[in-house]
Amino acid sequence: GEDVEQSLFLSVREGDSSVINCTYTDSSSTYLYWYKQEPGAGLQLLTYIFSNMDMKQDQRLTVLLNKKDKHLSLRIADTQTGDSAIYFCAESIRSSASKIIFGSGTRLSIRP
Amino acid sequence: GAVVSQHPSWVICKSGTSVKIECRSLDFQATTMFWYRQFPKQSLMLMATSNEGSKATYEQGVEKDKFLINHASLTLSTLTVTSAHPEDSSFYICSAGDRGAHEQYFGPGTRLTVT
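Sequences listed follow chains A and B, in order. In the working numbering, each number is its position in the first sequence, counted from 1, plus 4. In the working numbering, each number is its position in the second sequence, counted from 1, plus 962.
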């Protein structure tokens, strides 16, 4: 079946790196995404990775994909207070055009 | 680019009434739009996939007669919650996919409160 799992909470000190982890079950996933949701707002696409890639870096964001273990991570370097939000891992399912399955979301809080 | 809007951003209605939520892609054509609902502190659950000019595809457990979806043009999809009840109170979010692209762009959401 299709399932995406994340830990619910992460707390980091301002300036440190944050690493948010995600596991998924569908080996036919085409794209894997990270979305950010601030309180009361919609979702903002942060980055995505194609399933045949191992790593993607975009400024402070680094995405690592271990396809063998079906493990995805998002690293945020130099975490700032503005990074406080819920981060959703998501996968697109090859068998359904553009259908996206979301994880439960990880709430990132920043300590001064 | 790739902006999706929703209207209204929030609505309060009485139990038994119907509420229509609009989702618009502002700068691209969306052959497919998706409707999600999100309960507090929970993830997004896909309700239905809306294809322009055809009937929507509903996920298992979603009542198609209660959640009416219309996708009459390449830039507009509507979700009507009919005979709303307090348990329908939720955050409803739409997303749209640009023709030929894999990314989905999300609207800001509509918070529905049924009293």
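Any given hint might turn out to be false.
Stated by the list, open to error - Mimicking PhoX-like on lysine-lysine, the simulated pairs with C-alpha atoms at most 25 Å apart in a straight line are:
id	chain 1	residue 1	chain 2	residue 2
1	A	40	A	60
2	A	40	A	71
3	B	1017	B	976
4	A	74	A	60
5	A	103	B	1026
6	B	982	B	1028
7	B	1017	B	1003
8	A	103	A	71
9	B	1028	A	40
10	A	72	A	103
11	B	982	A	103
12	A	40	B	1003
13	A	103	A	74
14	B	976	B	1028
15	B	976	A	103
16	A	74	A	40
17	B	982	A	60
18	B	976	B	1026
These are calculated hints, taken from the structure and not from any lab test. Small disclaimer: the values here were computed from a predicted structure and weren't measured.
Hint by hint, here is what the structure shows:
At roughly 17 Å between alpha-carbon atoms, residue 40 of chain A and residue 60 of chain A fall within 25 Å of each other, so this suggested pair holds. Of the supplied pair hints, the one linking residue 40 of chain A and residue 71 of chain A holds, its CA atoms being roughly 23 Å apart against a limit of 25 Å. Annotation: proposed proximity of residue 1017 of chain B to residue 976 of chain B is violated, straight-line Cα distance about 28 Å (limit 25 Å). Between residue 74 of chain A and residue 60 of chain A the alpha-carbon distance is near 16 Å, which keeps this suggested pair within the 25 Å criterion.
A C-alpha spacing of about 18 Å is found between residue 103 of chain A and residue 1026 of chain B, which places the hinted pair at or below 25 Å, so the restraint holds. Pair hint residue 982 of chain B plus residue 1028 of chain B holds up; C-alpha atoms about 12 Å apart against a cutoff of 25 Å. At most 25 Å may separate the alpha-carbon atoms for a hinted pair to count; residue 1017 of chain B and residue 1003 of chain B exceed this at roughly 31 Å. Straight-line distance between C-alpha atoms of residue 103 of chain A and residue 71 of chain A comes to about 20 Å, which keeps the hinted pair within the 25 Å bound.
Note on residue 1028 of chain B and residue 40 of chain A: the hinted pairing is violated, with a Cα-Cα distance of about 30 Å set against a maximum of 25 Å. This hinted pair checks out: residue 72 of chain A and residue 103 of chain A have alpha carbons roughly 22 Å apart, not beyond 25 Å. Our distance criterion of 25 Å between C-alpha atoms is met by residue 982 of chain B and residue 103 of chain A, whose separation comes to about 23 Å. For the given pair, residue 40 of chain A sits about 14 Å from residue 1003 of chain B by alpha-carbon distance, which is consistent with the 25 Å threshold.
This hinted pair checks out: residue 103 of chain A and residue 74 of chain A have alpha carbons roughly 18 Å apart, not beyond 25 Å. This hinted pair checks out: residue 976 of chain B and residue 1028 of chain B have alpha carbons roughly 16 Å apart, not beyond 25 Å. With a CA separation close to 33 Å, the supplied pair residue 976 of chain B and residue 103 of chain A exceeds the 25 Å bound. Pair hint residue 74 of chain A plus residue 40 of chain A holds up; C-alpha atoms about 21 Å apart against a cutoff of 25 Å.
Between residue 982 of chain B and residue 60 of chain A, the direct Cα distance comes to roughly 40 Å. Violation of the 25 Å bound is thereby established for this hinted pair. For the hint linking residue 976 of chain B to residue 1026 of chain B, the alpha-carbon distance of about 21 Å falls within 25 Å, and the restraint holds.
The structure does not agree with the numbered hints 3, 7, 9, 15 and 17 stated previously, though it agrees with the rest.
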